[in-house]
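With the hints as constraints, model all of the structure from the sequences given.
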Amino acid sequence: MTIGRIPSVEGGIQPTIFDAAGDLLYASAADTPARLAIGTAGQVLKVNSGATAPEWGAASSGGMTLISTTTFSSTAVELTSIPSTYVNLMALVTGVTTSGNNDQFTVQLNSDTANHYFTYSNTTTANAMAQNTSLYLTPGQKTAGNSNNSWAINVYNYAQASAYKPFAVAGHYYSTGGAGLYGYYASGGYNSTTAISSLKFYFAGATFTAGTVYLYGVK
Amino acid sequence: MSIPTIKIHNVESGEVIERDMTELEIEQLEIEKAKIAALKEAEEKAINDKQQILDKLGITEDEAKLLLGGI
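The listed protein sequences correspond, in order, to chains A and B.
Quick note on numbering: the first sequence equals residues 545 to 763 in this note's numbering.
Quick note on numbering: the second sequence equals residues 20 to 90 in this note's numbering.
There's no promise every hint is true.
[Said to hold, decoys possible] A few chain B residues that don't get close to chain A, going by computed Cβ distances all over 10 Å: (1) 50; (2) 68; (3) 74; (4) 81.
[As the list claims (entries may be wrong)] Ranges of calculated distance between the beta carbons of each label pair, as one might list FRET restraints: (5) B/81 - A/639: 33 to 43 Å; (6) A/596 - B/32: 32 to 42 Å; (7) B/32 - A/603: 22 to 32 Å; (8) A/758 - B/49: 29 to 39 Å; (9) A/708 - B/81: 20 to 30 Å; (10) B/29 - A/557: 48 to 58 Å; (11) A/613 - B/57: 46 to 56 Å; (12) A/594 - B/62: 57 to 67 Å; (13) A/597 - B/37: 22 to 32 Å.
[As the list claims (entries may be wrong)] Incomplete in silico selection of chain B near chain A, CB under 10 Å: (14) 24; (15) 31; (16) 33; (17) 47; (18) 85.
In short, the hints are calculated from the structure, not lab data.
Backbone N, C-alpha and C define an ideal beta-carbon position, used for all residues, glycine too.
Structure below.
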């Protein structure tokens with residue numbers, strides 16, 4: 545008896561259906577055997593778009609992708625042409641310092657200065673509900689040359705052109721008025737149906753002297 | 020007075036330019052400055068108003084928190 549071969553009988557599966565190592569056997573229709581050639585390294589077995597057959601394809605990628613790294617300088621920094629291929633955005637801002645003591649580290653989406661930023665913020669000193677023309681990340685406080693200033697700004701569903709975009713910000717900053725670090729958290733929404741393709745950062749009355757923003761796309 | 024500048028990073032192409040702000044951008048910056056000043060003024064007024072009430076009642080902020088906390 546031959547071991548390892550399917551007997552060739554009327555109505556059976558011919559062993560010659562296999563052409564190479566790794567070939568798989570499946571049914572392309574009722575009572576119809578078919579061969580699926582092996583995929584390439586790292587591919588996973590999926591169901592095709594018509595849900596009619598198996599196929600090899602790339603594993604769905606998740607997690608975060610670093611889109612850009614930008615050093616703060618000038619009065620304002622703007623990240624433009626943000627690709628729309630992710631689900632969420634995260635801007636990780638670290639070590640922001642400025643030329644003087646200044647109010648309000650400010651963020652704008654699409655350079656939008658309309659009253660589209662609905663925020664509930666919670667700081668070490670106060671909680672506040674607000675509707676503003678920008679997102680303010682140092683509410684009521686001055687901050688200056690201190691490399692501990694940092695924020696993680698998450699914008700969800702940013703590329704969606706038919707819905708508002710929720711956001712959440714967490715961070716802390718050095719207050720020259722309070723002479724210490726202040727914690728900060730804000731949640732809210734950007735009430736515009738325009739897809740977001742740019743982020744702008746600035747202090748209204750100073751220039752940046754240091755700091756970095758890392759922009760991540762999240763799937 | 021020096022003209023404010025803006026650094027623009029096109030994250031798709033990687034191009035980074037730094038240029039003077041346009042008149043419109045400077046105008047928007049000034050509007051934003053005024054809004055921030057107004058916000059700060061309102062915050063300071065709220066703090067002063069609160070302190071005046073505490074002074075009238077003759078209690079501290081911590082004592083007021085205890086009263087409002089209902090414990």
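Hint by hint, here is what the structure shows:
1. 50: Incorrect as stated: the minimum Cβ-Cβ distance to chain A is 7 Å, not above 10 Å.
2. 68: Label holds. Min Cβ-Cβ 14 Å, cutoff 10 Å.
3. 74: Correct as stated: the minimum Cβ-Cβ distance to chain A is 20 Å, above 10 Å.
4. 81: holds (14 Å)
5. B/81 - A/639: 33 to 43 Å: holds (35 Å)
6. A/596 - B/32: 32 to 42 Å: holds (40 Å)
7. B/32 - A/603: 22 to 32 Å: holds (29 Å)
8. A/758 - B/49: 29 to 39 Å: Holds, at about 30 Å.
9. A/708 - B/81: 20 to 30 Å: Hint violated: Cβ distance 40 Å, outside 20 to 30 Å.
10. B/29 - A/557: 48 to 58 Å: This hint holds: roughly 57 Å between Cβ atoms.
11. A/613 - B/57: 46 to 56 Å: violated (35 Å)
12. A/594 - B/62: 57 to 67 Å: holds (60 Å)
13. A/597 - B/37: 22 to 32 Å: violated (54 Å)
14. 24: Since the shortest Cβ distance to chain A is 4 Å, the answer is holds.
15. 31: Check passed: Cβ of residue 31 of chain B comes within 4 Å of chain A, closer than 10 Å.
16. 33: holds (8 Å)
17. 47: holds (6 Å)
18. 85: Violated, because the Cβ-Cβ distance from residue 85 of chain B to chain A comes to roughly 18 Å (cut-off 10 Å).
Going down the numbered hints, you'll see the structure goes against 1, 9, 11, 13, 18, while the others check out.
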